[in-house]
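Chemist: Starting from the known structure of chain A, fit chain B onto it as the hints suggest.
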Amino acid sequence: MKDTFELSINGKNHQFVAESDMPLLWVLRDLLELTGSKYSCGIGQCGACSVRVNDDIVASCQVTVSQLRGRSITTIEGLVTPEIEALRRAWQEEGVSQCGFCQSGQLMVASALLEKNPHADISAIEEAMSPVLCRCGAYPRILAAVVRAAELLNATGDR
Amino acid sequence: MRVPRISRRVFLKQSGIAVTSGLTLGSALSGCSDDQSNFDAPAGWHVWLTIASDNSITVFCPRMEMGQGILNSFGQLAGRELDADMAFVLVRHAPLNLEFGSQITENSDSIRTHWRTMRQLGADARDTLIRAAAKKWGVVPDACTTNSGVVVHSVSGRRAEYGELSSLAKRLVPSSGTPLRSFNTGSSAREFRDLPTYAGLVNAGKTYVADISLPGMLSAALITCPRVGGRVAAIDKSAAVAAIGVEAVVDLDTAVAVVADTYWTALKATRLVNVAWLDDTPYVPDHDDWKQRLQDLNKKAGSALLKRGEAEGRLSTDSAFERVYWSPYDAHAALETTTCVADVRPNSCEVWAPTQSPWSTYAVARDNGLSAFNRFRERVSLKLSGTANNRVIIHSTPMGGSFGRRLQQDHVEQAVRISRAVGKPVKLQWSREQDMSHDFFRPASSHNIRATVDEKGQINAWRHRIAGSGILDHGSASPYDCDHELVEVTILDAGLPTGSLRSTSHSPNAFARECFIDELAAKLGIDPYVFRLLNLKNNSRLGTVLTLAAEAAGRGDALTTGWARGIAVHPSKGSFVAMVAEINADLTNGIRVERIVCAVDCGVVINESSVRAQLEGAIIFGLTSTLKSRITVRKGEVQQSNFHDYPLLRMNETPRIEIHLLASDKDPGGVGEVGVPCVAPAVANALFAASGQRVRELPLSQGLVLSDTDSPS
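If you read the sequences in order, they're chains A and B. Using my numbering, the first residue of the first sequence is number 1, and each one after it goes up by one. Using my numbering, the first residue of the second sequence is number 1, and each one after it goes up by one.
Simulated from the structure, these hints should not be mistaken for laboratory data. These figures come from a predicted structure and were not determined experimentally. Cβ atoms here follow ideal geometry from the backbone N, Cα and C, with glycine treated the same way.
Sample of chain B residues with no beta-carbon within 10 Å of chain A, all distances over it, derived: (1) Ser156; (2) Thr317; (3) Gly386; (4) Gly423; (5) Gly574.
If you anchor each label on the Cβ, the simulated ranges turn out as follows: (6) Ser381(B) <-> Gly70(A): 51 to 61 Å; (7) Ala155(A) <-> Ala552(B): 24 to 34 Å; (8) Asp56(A) <-> Ser148(B): 42 to 52 Å.
So these bits of chain A aren't anywhere near chain B, every CB distance computed over 10 Å: (9) Thr4; (10) Asn13; (11) Asn54; (12) Asp56; (13) Thr81; (14) Asn117; (15) Pro118; (16) Ala120; (17) Glu151; (18) Ala155.
Just chain A, same shape as in the assembly (with noise of 0.2 Å):
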């Protein structure tokens, strides 16, 4: 059964007609066109679909659209912070990107990870990564980036 919807994503208020059961991931992809959010599984065990709902890290295929009114999204679209600044130019660093599918997903949850935990040592850091499935292996300098993207964040004091 369809409804209207209206949700705050990246800051934006969003007004759409959709089912109540669907999962914000399809209505970010198909409704919104916000496609950073990837589908790869569908039952929460990849982490490709990462969002923040409020602060907290969500997979987006596994939250419906009913369920979040009230709430506030950001989306890897949307994301404006130090820690995702430092990430960025730590992945380029790091040389991290192999074919790029898995990074919105680790990207999300890495910048959540240091804004919560910037000190994070490499066993928390692998810990809250790992929710983030890789196939190209890319882990190693997944983890080297996120090292780097503290080391730049806590050089510059800059939060």
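Modeler: Below, chain B without anything else, positioned relative to chain A:
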């Protein structure tokens, strides 16, 4: 038949770049064979390089990017010789043109095939630009040099940018055979890591096929038979077509497509369709039955793939050592599921697809999307011009991983047929479940290796029998010294579709061989490293990386307390790889790989960062099938469907990886796949060292017996 020269106008139109005045170098060679199989013979320029008046340089790469960094490497090869300002170098997938050959990307051979061509292109372009500047200034070319996109006349200090010279240069006969600059190895670790044109990708992200939106485009979701090879008997679509947003239900014979305004609508509507499947699905043996059947076949002779000396006779002695190993089916599991966009009109078919084989995509699009008359016209156009005409337009989209999966064109055929049926552009997306169960798997295989060794520890007879389906022969020849070798294969049809999966049968063959070698060494009481070296005297490149890996891992030093080591070697694609795996000897929670030390001789290293990334990636790729996952069939159904039952290795399971590249000036060997084969045997051998358990099947978790009393041996 001589492939005619492609006219520059047609090429530029077809490649989608504006016709600007500028130097274009390329492969308009007469006498160029249209025999695609001869493509790796060096013969002048096989790719295009254009320099426009605004200084932008476009390199057309006839190989497909799937994360292996090929666009970047080709841009560097050409740009370096050209002495370009790399900020202006853009690399694109080459348009379909028979001059480029097959344009298939597989076999880790893109660099091997084209590296000289790309360098020659750049060198000849640079020389032509120098001659243009010299002509402009009335000086001799020898008095000019270049500096990062600018030609300079040293004496007078006069300068001209490449873009400024390009229209002059195009009026000259292009230089050819310009001597190449020496190739600096080892200096590129951080240099040219990514061409600046790719830097933006980190920010924006690539546009994959599922991200595409076209006016009027519909989305399609599939219904597929749970049994492998199922075909449609009848469809009851009444409820589905009545659902809001659903446009059509299309019979594809091996699947049913629901077409709707969004993917979610289509997906939900698939549950409203009742499909009856025919009873004639091919018989696909259950995993255990298949394993038994293949192991039984291993007891008999197969077709000889390789026969040297008198192995059979020498192996009939009771003192011969024999073991059997099992590799199951594996899935590609790229993160981007199988997806395709097609827009079929009355006289044209336009396709956006991630593909490793664009000519195959073209053929499938043409044959399924055009009317019979248009197909005929298209074939004639192709024969006359050597290029894909604009009746069939193929856009090769960036791949979200591939590993061999996107050599297949099933998604293209489906999307084209759906679009043709509904008369609108369609985006077809497979679910992860469909992607997992309708893969073209790495075939399962059973290996029986039998060998004899003399009193000095030299292998003197060797027989490797392989049974399975699909590709089984790659990597089946033993690299060890032995005058009497026999490799036999028995290939059956298992009913389960198989295809190329990163390293193909190199991995199952290396698993069997390198575990066997280890068992042989143990039986003789010889150190596994020493035993291998003893038997690699005729393969010095492999012996060298073996020693490099062993020493880098600290051979002879005390092993980290509580760890155990295993070693393996394998040559493939012209490269030589050795690996030492160190695992935690505490196996209570399963196998934990702590470190992998890898030594590689891949000849001259073109892009060190890329080479390391590919090797690290291949090792992690290999660890999934080594430790965690396999594909099994039961009652004709693939049992795995998603990442909960085909789990991929995660970051917190990833060992420390150390890559040691041998400095070399030999021709480059392949890199993309070569890191996979050694992983499983190195870890299996470490497992033996840790626990005394020989697990002869994958994933190792299948055969591992966990107890509280595991201790390093």
